[in-house]
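Novice: Residue numbers (our numbering), protein chains in the order written: chain X, 25 to 740; chain V, 25 to 740.
Keep in mind that the hints are not guaranteed to be accurate.
Intra- or inter-copy, both count: the list cannot distinguish identical chains.
List time: in silico DSS-like cross-link candidates among lysine-lysine, alpha-carbon distance up to 27 Å [what the hints assert, rightly or not]:
1. Lys-668 with Lys-712
2. Lys-712 with Lys-316
3. Lys-420 with Lys-730
4. Lys-124 with Lys-72
5. Lys-148 with Lys-226
6. Lys-148 with Lys-106
7. Lys-676 with Lys-712
8. Lys-121 with Lys-676
9. Lys-676 with Lys-646
10. Lys-310 with Lys-672
11. Lys-712 with Lys-226
12. Lys-226 with Lys-668
13. Lys-316 with Lys-603
14. Lys-106 with Lys-72
15. Lys-420 with Lys-668
16. Lys-668 with Lys-646
17. Lys-672 with Lys-730
18. Lys-310 with Lys-389
19. Lys-712 with Lys-646
20. Lys-672 with Lys-603
21. Lys-148 with Lys-124
Derived from the structure by calculation, the hints contain no laboratory data.
2 protein chains.
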Amino acid sequence: MKYGRLMAVVAALMFLPMLVGAETGADLWLRYSKLPESMATGYRKEAKSLVVTGNDATQQAAAGEIRMALRSLLGTTPTLSKGVADGSIVLATSSDKIVKDLIPGGLELSDDEAYVIRTVSVKKGKAILIAGRTTTGILYGTFDLLRRMQNGEDISNLDINEQPAYKLRLLNHWDNLNGTVERGYAGHSIFWNREESFEQLKDQYLTYARANASVGINGTVLNNVNASPEVLNTENLERVKQLADLFRPYNIKVYLAVNFASPAVLGGLDTADPLDENVQQWWRDKAAEIYKMIPDFGGFLVKANSEGQPGPMDFGRTHQDGANMLAGVLKPHNGVVMWRAFVYEPTNSDRAMQAYNEFMPFDGKFADNVIVQVKNGPVDFQPREPFSPLFGAMQKTPLMVEFQITLEYLGHSNQLAYLATMWKEVLDADTWALGAGSSVARATDGSLFGNELTAIAGVANIGRDINWCGHDLLQSNWYAFGRLAWNHQLSSEQIAEEWIRMTFTNDDSFVSTLEEVMMRSREAVVSYMTPMGLHHLMGWDHHYGPEPWTDLSWARADWLPRYYHRAGEDGIGFDRSSKGSNAVSQYFSPLREMYDNPATCPENLLLWFHHLPWDYRLASGKTLWDALVYKYYEGVEQARFFQKEWDKLEGKIDQERFEAIRYKFKQQTKEAIWWRDACVLYFQTFSKRPIPAELERPVHDLDELKSLKFDLKHHN
Amino acid sequence: MKYGRLMAVVAALMFLPMLVGAETGADLWLRYSKLPESMATGYRKEAKSLVVTGNDATQQAAAGEIRMALRSLLGTTPTLSKGVADGSIVLATSSDKIVKDLIPGGLELSDDEAYVIRTVSVKKGKAILIAGRTTTGILYGTFDLLRRMQNGEDISNLDINEQPAYKLRLLNHWDNLNGTVERGYAGHSIFWNREESFEQLKDQYLTYARANASVGINGTVLNNVNASPEVLNTENLERVKQLADLFRPYNIKVYLAVNFASPAVLGGLDTADPLDENVQQWWRDKAAEIYKMIPDFGGFLVKANSEGQPGPMDFGRTHQDGANMLAGVLKPHNGVVMWRAFVYEPTNSDRAMQAYNEFMPFDGKFADNVIVQVKNGPVDFQPREPFSPLFGAMQKTPLMVEFQITLEYLGHSNQLAYLATMWKEVLDADTWALGAGSSVARATDGSLFGNELTAIAGVANIGRDINWCGHDLLQSNWYAFGRLAWNHQLSSEQIAEEWIRMTFTNDDSFVSTLEEVMMRSREAVVSYMTPMGLHHLMGWDHHYGPEPWTDLSWARADWLPRYYHRAGEDGIGFDRSSKGSNAVSQYFSPLREMYDNPATCPENLLLWFHHLPWDYRLASGKTLWDALVYKYYEGVEQARFFQKEWDKLEGKIDQERFEAIRYKFKQQTKEAIWWRDACVLYFQTFSKRPIPAELERPVHDLDELKSLKFDLKHHN
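Bound-form chain X, shown alone:
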C-alpha cells in the first residue's frame, strides 16, 4: 500500500499540479481528491482497465477525464485496452459493435444526450458499459459514474438510464465587452478579459467546460442581455469562435445576446425595423458570417423593449414581428431565438401583471424556433415570489424558465443562499393549467403541452475570482442549476450532498451538518430580508442591503421599495387581490381563489397579494406586526445558527476554505442584523407597535442606517 500511495503522490505531482498545495476552490467539484482506502479498494476492482471505442474529441475528453480522475481518486490508473475483460470500463456508442456483443439485442437510446451505465457480464467476470447514442452520452455517463464513486455508491451492479428533462440547458452570462459583469460578485468576466492571452486562459476555460459538462449544461450565452451591438463585430466573433472550438468537445454550444438595434448602430442602416428588407438582409449576412465561423452556433438571446433596450416596438412592430424575423434568419442554420418576456413600463398597471398582459396575445404566433424566456417570478428574482403566471397560461408557445444563480437580491456573494430549494419550489409549483399536476416543470419540459423545443437558463454567478463564485459555498448553485436542468425530479438534499462530498469531504458529520445549513439557507435570507411576501426592499440600483425607505423624486415609482411594500399607518402589503390590482386573475383556479383570500393565501406570500392592517390576525393568533417582527428575528437566529454549525466543522476540511467561509458567515450574520433592524424599525414608524418584549432589541439606529450610502455599481 505504501508504494501505491507513493505512486499516487508522484502521479499527482507530475500530472495534477492543480490538486497540489493550498485549497483555493479553483477546482470546484472536480477536485477528485483521493478516496479513503475503505472506498478505494472496492472501486479498484471495477476499474482495472479502460476500453475506448473511438477517437472523436468528445469520447477522448471522457476517456481523459476518467483516467485523470481515477488516478487521483484511487491512486491507480486503469490501463488502456482493446479487449473487454473483468474490471473493464467501456466507453462506447450504441452503434459500436462492442455494445451489440455485450448486450444481446443491442441498445435503444431515445435521445442524443441520453446514456446508460450497465454492469455487463464478460468472461471471468463483469465490466461497466457507459454508452450513449452519441459520444455526448458517453461524456455525461462518464461524469455520472465518477460522481457515484465520489459519493461512495455501490457500482458493482449498475443499470442506469438517463436522459435530460430539457433540451437546452444554458448559462446566461451578463458579461460586458469591457470585462465587467452586470450583477457579478466574483470578479470580472472570464470571457471578455483582455489582460491575458487566450492561451493563458485556456486551463480556466477547460475547467469551466468540464464543470458544465459534468452537470449536463450544454450551452452558454457569452454576453450581457443588455447587449452591446459590438458583440457582433468580427473581432469579438473571433473570440466567440475560439471559445466555441474549445467548448465543443464538451457538448457546449455558444450563444450570443444581441442588441435589436444592431443593424442601425453596428450596420449603419437608418433603421432596425424588423420588417425592413435591408435590416433583414443585414441579419442574414451576419448570421452567415457567424455560422461560417461556428457551424453549431446556438442562436440569439434578445432583451427587447425592456428597461431601455431597443426592440421592435420602437418601430411600431410587435414582439412577434421581432422574434419571428430573427427566427427566420437563424432557421436555415438551426439556430434558435430566445426572446425574453421580462418587460414592464412605469404605467399605472401593476408591474407584476405586465409581462402576462403583453405576451399572452402572441401565444401561438411565434415561429417554431422561438422560445420565450420567462423569469421564475412576475417581478424580478426576489428571495421569494409566486411563479410567473405565464407558466401554464401560454400553452401554444414554448417557454423557458430563467433562474438567477447570481445573488443579485439575496446578498451578492456575502451570503449563503442555496437556491435548489427555491428553484424546486418554482418547478414543483402547480399551475393548475390542465388541472392538478400541471407543474411549472411539466409546463416547460414539453410533457404537458407537447412542445418540441424545451429549455432552461440560469444567470451565472461566475467570474474571475479564484473560487469562481466569490464564495466557496455558492459554487453549489452553479452545480444545482445544472443538475436540476438535467433532472428536475432530483431532491435539493441529494444535490447538496453530492456537491458537498465532491467539493469538500466524505466525512459524514461534515456532510450532514453543511447539508442542513444549506437546506435552511434560502429561507433564512427570505426571513431577514423580505418575509411574508414582501419584496424589493433592497438598496437602490445596486440592490445591496435594506432600503425600504428609499424615495427618489426623480425615480420610476416601480423601481422604489414603497411601490412594493406600501407600508402606512393602515397596514402593509401590495393588494393584488380582486379588490386591488387583480393580479390573482392571471392564475388558474383554484390558485386564483386561494391567493385572493387572505385566509387561504399562503403566509409566505401574504403581503405579495394583500395589503393588511398591522393588527390583522394570522392563523397562529399572532398579529401581522408581531408575526413580521418574529420572522425578521428568526432570520437572524438562522444566520447565527449557520455560524455555530460551521465552527463545529473546523479541522474536517482544509483551513483555507474553512476560514474563508467562516468569514462569509460572519458577514451574513452582521448583514442579517442590519436587515432586521432596518426593516423592523422602519415599518415600526408606521405600525407604532412595540417589538415583542421577549425579543433582543435592535442595535442599529434607523436614522444612521438611512444615512448609509454605498458606492456600488450594478456591475462589479
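Guided by the hints, dock chain V onto chain X, whose structure is given.
Specialist: This is chain V only, laid out in the frame that chain X set:
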C-alpha cells in the same frame, strides 16, 4: 382640586420656565416636578408656612430653594412667617433662640456641616425644625427634607441627625484653560468657556452649585491636574474669584491645580526648586494675591513628577520637600495641599507597585495641612482593580480617595456604568491594616487612624452638554459620588432609587426596573471589557474601544495593553504573586496570602494577580479559557438585557430622554459585541481553543477590528 391644579400650572408657567417644555436633563435631579396628588396632599399639611431666622446668604439660599421646590412639588408655596405654628418649617441655627424654645435644653451639633431635622410640638400641632450649628447645616438639611419628600417618605415624625463622613468632598475638573476637558465626554468646560459672558452663564453655575450642595459636595478644583501655570495669572484668578463668590452661599470652596514649575514658567525665576528662597517667596506672594481676592480659597492640588509633569524631583528634591513647601505657604491662610500619589515610571518594576514604593518612605513626614490623594486602584481607574495598597499602609499621613466619575476607561459617555457599586466595593474593602474591619473608608475618614484632615475627590463628568454629563443616566454618578462622600454607609440601591425618583418619576415599576439595570451596569462593563482581573486593554491614548493587540515600537511598555494582559500560548494574566512581581506583598495578611494563591484569589481579580495557563481549572470546573469567554458573552447579554428592560419603560417618562437613553443603550450593546469579539478573537490566537459551541459566534473579523483607527484626542 381643578382650581388647585390650575394654579399649579399657572405658578409653574410664571415662575418656573425651566420646568416647562421639552425635558433636556438640564435640571438634573432638581426638577421638582409636581408630586402625585396622593403624595402632595399629606405634605401640604406639613408645609403651610416657613420660618427663616436669619439673612445670611446660605440660609437665604436654603429658604429660596425650599419655597421654589414646594411651589413646584405641591403646587402651593408656604407663607413666610415670623412665628412658629402647626405646619411650619423652621430654618435655624442651633444658637438661635427659637431652637432653645422648641427644644428644651437646646441642640448640640458636632460639626459645622452637621444638621438635624426634627418634628417638634408647637401649640395646636407640630412643626419641622431644620437646624445646623451653621447655616450650612440648614442648607444641607433643607435639601435632605426635599429629597425625602420627592421620595415619598413619611415626614410626620422626623428625628434625623446627619454629619459628613469626610471633611472635604471635592470634584476635580480636568478642565483646560482653552476650554477643552481632558477625559471629558460631555462637551467643553463650563468654567473656562469664553464664548459667553459670566452673566450669561450664571444660571448654569447656580444649577451646578445647587446640585453640588444638594448632595453635600463642598469643594471644586476648577482646572486640570495637568495644570497650566497660566491658571495663576491675574486674569484667570479673576474668573476664579467670580466663581468663588457665586458658589460661597452654597458652601462650595474653590481650589486650583497648580503646576509645580509655575515660579519659573509664570514667575520668570530660573528655578522652581522648592528649597529656593525666591521660589518660596513667589509662592507666598501668589498665595497672598489669591487669598486677598478669595479669603476662603481652598488650596492647591498638585500632580508632581507624574506623566511628564514637573515636580520637586526635577530639582533633586522629594515629594516631601515639595508638598511641605506649598503647605507652609498655604498654612497661614488655612489652605490645604492635595498631593497626588499617581506616580509611575517606565522602569522594570511593576507599575502597580510604584506609588506604594515611592510614597511609603514619607509616611508621617508631611505637614499637617497636606493630604495625599490616592486613586482607588494601583494602576488607573480601570473597570475593576483591587484597592490601592497605600490605603491602610500609610497610617501617619492623611490619605484622600480619588475616584473617577467620568468614564475614561468605561465607555466614555456612550455606556451606562453606575459607579456607586464600584466605589462601595473600594470603600468597603477591608485593608486588614489593624485587623478585620479596617475598611478603606475607615482608613481615610479618620475613624481608623484618627487623622483630622479627611477628604475624598471625584473626577467630574461635567461639561457644557445640555444634560451636563453626555448621557442622562450618567448624572447618577455625579449624584452618587456626593452622597457617598457624605455617607459611605449608604447602599448603592438607596442612592439609585433616590436619584431615579427625583430625576425621572415615582412610578414604582420604572424605579425598580431602572434600579435593577443600574445595579448590574458596572459589572456588565467589566464583563465585556476586562473580566477576571484583566485591565488596560483599551485603545491607545483615547482609551476608547478594545485594543488588546496594540503594539507601538516607540511607546512606553507600561502604556501598552500587552504589558498588562501578557497573553501568550502559555496562558494569560500578570503574575503579581510572590513568584512574580510580588505586588501581593504590599497588602496586609491575610489579603496577601489570599491574593497570592490562585485557588483563594477572588476570581474577579484572578488575572490581575496571576498568569495562568488556558486550561487552568477554576472552582466552577470550567477551564480559564472557557470561563473568560463566557464572561465576555455574559457582558453582551447584560447589555441586551438593559435594552429590553429600558424599552419596557416607554411612556412612563418624557419621550425626549426616553429616546436619547434608548439610543445610548443601542450603542452600548453594539460596543459590547465589539469588545467581546475583539478580545475573544485576539486571545484565541494564543489559546488556540474554540469558543464553546453553544455560544453565539463572533460577528466581527479580528483583522478588520485591528485596522480600525479612531481620530479621538484624550480630551474632548
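Novice: Reference check for the pair Lys-672 and Lys-603, CA-CA at most 27 Å: within, between, both, or neither?
Specialist: Result: close neither inside a copy nor across copies, 51 Å intra and 39 Å inter.
Novice: Go through the copies and call it for Lys-676 and Lys-712: within, between, both or neither, with a Cα cutoff of 27 Å.
Specialist: Between copies, since 16 Å is at most 27 Å while 48 Å is not.
Novice: Pop the pair Lys-712 and Lys-316 into one bin, within, between, both or neither, using alpha-carbon distances up to 27 Å.
Specialist: So Lys-712 and Lys-316 fail the 27 Å test inside a copy (67 Å) and across (63 Å) alike.
Novice: Using 27 Å as the alpha carbon limit, work out where Lys-672 and Lys-730 are close: within a copy, between copies, both or neither.
Specialist: Between copies only: 25 Å across, 36 Å inside.
Novice: Between the shortest in-copy and the shortest cross-copy C-alpha distance, which are at most 27 Å for Lys-121 and Lys-676: within, between, both, or neither?
Specialist: neither (47 Å within a copy, 90 Å between copies)
Novice: Given a CA cutoff of 27 Å, do Lys-420 and Lys-730 count as a within-copy pair, a between-copy pair, both, or neither?
Specialist: neither (48 Å within a copy, 62 Å between copies)
Novice: Checking Lys-712 and Lys-646: alpha-carbon separation at most 27 Å within a copy, between copies, both or neither?
Specialist: within (16 Å within a copy, 45 Å between copies)
Novice: When no copy is named, should Lys-124 and Lys-72 be tagged within, between, both, or neither for a Cα gap of at most 27 Å?
Specialist: within (22 Å within a copy, 120 Å between copies)
Novice: Could you figure out if Lys-316 and Lys-603 sit no more than 27 Å apart (CA to CA) within one copy, between two copies, both or neither?
Specialist: neither (57 Å within a copy, 88 Å between copies)
Novice: Up to 27 Å between alpha-carbons, please classify Lys-310 paired with Lys-389: within, between, both or neither.
Specialist: within (25 Å within a copy, 105 Å between copies)
Novice: As a check of your reading, is Lys-420 near Lys-668 (CA-CA no more than 27 Å) within one copy, between copies, both or neither?
Specialist: Answer is neither: 50 Å inside a copy and 59 Å across each miss the 27 Å cutoff.
Novice: Cα distance capped at 27 Å. Does Lys-712 pair with Lys-226 within a copy, between copies, both, or neither?
Specialist: Answer is neither: 60 Å inside a copy and 42 Å across each miss the 27 Å cutoff.
The structure fails to meet hints 2, 3, 5, 8, 10, 11, 12, 13, 15, 20 from the earlier list, while all remaining hints are met.
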